[in-house]
Amino acid sequence: MQILNIIFNPVIVSVVVLCALSLAKLNVLLAMIVACVAGGIAGHLPLFGDGNHTIMALLCDGFSTNAQTALAYILLGTFAEAITATGLAQIISKKISKIIGTNKFILLAVLTVIACMSQNIVPVHIAYIPILIPPILQVMNKLKIDRRAAACCTAFGLEVPYIAIPFGFGLIFQTVIATNLSKNGMKVSVADVSAVNWYLGAAMLAALLFAVFVLYRKPREYETTEADTRAADAVVGPLTKAHYVTILAIIIVVVVQVISKDLSLSSLAGLTTMIIFGAIKWNDIDKQLMGGVKLMGLIAFVMLIAGGYANVIQATGGVEELVHLGVASMGQNKLVAAF
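Note that the numbering used here numbers the sequence shown so that position 288 is 286, with each residue one more than the last.
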């Protein structure tokens, strides 16, 4: 009977449906909504009717949980798009690709550092990749670098900063963790999350070092073909007023973020600076905003749906039931509970 209760628990049903749909490569937004409905039905919530206790009403009510996070993603995506539009990121990337040298480990280190900066210091997210990578592919071929090592460096730089550092995208990630833990009865601050998340960063650093210096250390040859360097080749000329304004905007974003701990406010401050001083033309504001939505909009909507999803699952009572069943099964065995 206990096993049946676990199998038909709304949380289990919802997660299994979500995993199955994800493996079937259904769009993540649709997968989450369908899984949410499945969990709600398993928890005997009404699918339709009057009142605020239907599945869809609860789903929409939960949007406010991650609304600030979604706004931060949109504004930060717009700021990243604006930085890319000014050409500053392209200029920096092209200069780096020219002076990167002939030491493969220095090249891999530079790839890692730039990827890290794209998540925290200069939050352009993945926009730098088509600018930096194509021009250095021939250098990588010449140095016989295993591209899997370069992929590991890039993946490390795109993930570890927001996991371990409460700044930029990391502030969003760690705030989500702290907010939801606190909401469920465990008072946690962003500082508490940062204090333990560095363990994850250290583990990933160890894995990166193993990949670069052991697993993918051996030289590997690739066929040299002409890379698509149009994005990098389009960058010509010296630094202009727009570039200096962009640098000022980046500094303002960092300062405001340190003072306010609010990524939405800091991103808005950076965008305002770029608009006032002409780095973004007034007629191009819509274009930059649409670019920001294209870059980060899906993630923002996923965060909104996730908040609604959590609200529905909590309303089913399945979480508490699963916890009680788990405690009854594990008893006082702390090792089993940890796993």
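Simulated from the structure, these hints should not be mistaken for laboratory data.
Don't take each hint at face value.
Stated by the list, open to error - Result set (EDC-like, lysine to aspartate or glutamate): computed pairs, CA atoms no more than 16 Å apart in a straight line:
no.: 1; residue 1: Lys140; residue 2: Glu221
no.: 2; residue 1: Lys142; residue 2: Asp48
no.: 3; residue 1: Lys142; residue 2: Asp190
no.: 4; residue 1: Lys140; residue 2: Asp190
no.: 5; residue 1: Lys259; residue 2: Asp190
no.: 6; residue 1: Lys181; residue 2: Glu318
Unchecked claim - Now the in silico label distances, taken between C-beta atoms and shown as ranges:
no.: 7; residue 1: Ser187; residue 2: Ala18; range: 49 to 57 Å
no.: 8; residue 1: Lys216; residue 2: Val137; range: 51 to 59 Å
no.: 9; residue 1: Val137; residue 2: Ala205; range: 46 to 54 Å
no.: 10; residue 1: Lys185; residue 2: Pro236; range: 36 to 44 Å
The C-beta atom is built at its ideal place from N, Cα and C for all residues, glycine as well.
Against the structure, the hints come out as follows:
1. In summary, the hint linking Lys140 to Glu221 is supported, as the alpha carbons are separated by about 10 Å, within the 16 Å threshold.
2. At roughly 66 Å between alpha-carbon atoms, Lys142 and Asp48 are farther apart than 16 Å, so this suggested pair is violated.
3. At roughly 43 Å between alpha-carbon atoms, Lys142 and Asp190 are farther apart than 16 Å, so this suggested pair is violated.
4. The hinted pair formed by Lys140 and Asp190 fails the criterion: a straight-line CA distance of about 45 Å is larger than 16 Å.
5. For the proposed pair Lys259 and Asp190, the alpha carbon gap of about 15 Å is at most 16 Å, so the pair holds.
6. A C-alpha spacing of about 14 Å is found between Lys181 and Glu318, which places the hinted pair at or below 16 Å, so the restraint holds.
7. Hint check: Ser187 to Ala18, Cβ distance near 36 Å, so the stated range 49 to 57 Å is violated.
8. Checking the proposed 51 to 59 Å range against Lys216 and Val137 shows it is violated: the Cβ atoms sit about 18 Å from each other.
9. A hinted range of 46 to 54 Å for the beta carbons of Val137 and Ala205 is inconsistent with their spacing of about 25 Å.
10. Taken as a hint, the range 36 to 44 Å is violated for the pair Lys185 and Pro236, whose Cβ atoms sit roughly 53 Å apart.
In the structure shown, a violation is registered for the earlier hints numbered 2, 3, 4, 7, 8, 9 and 10, in ascending order.
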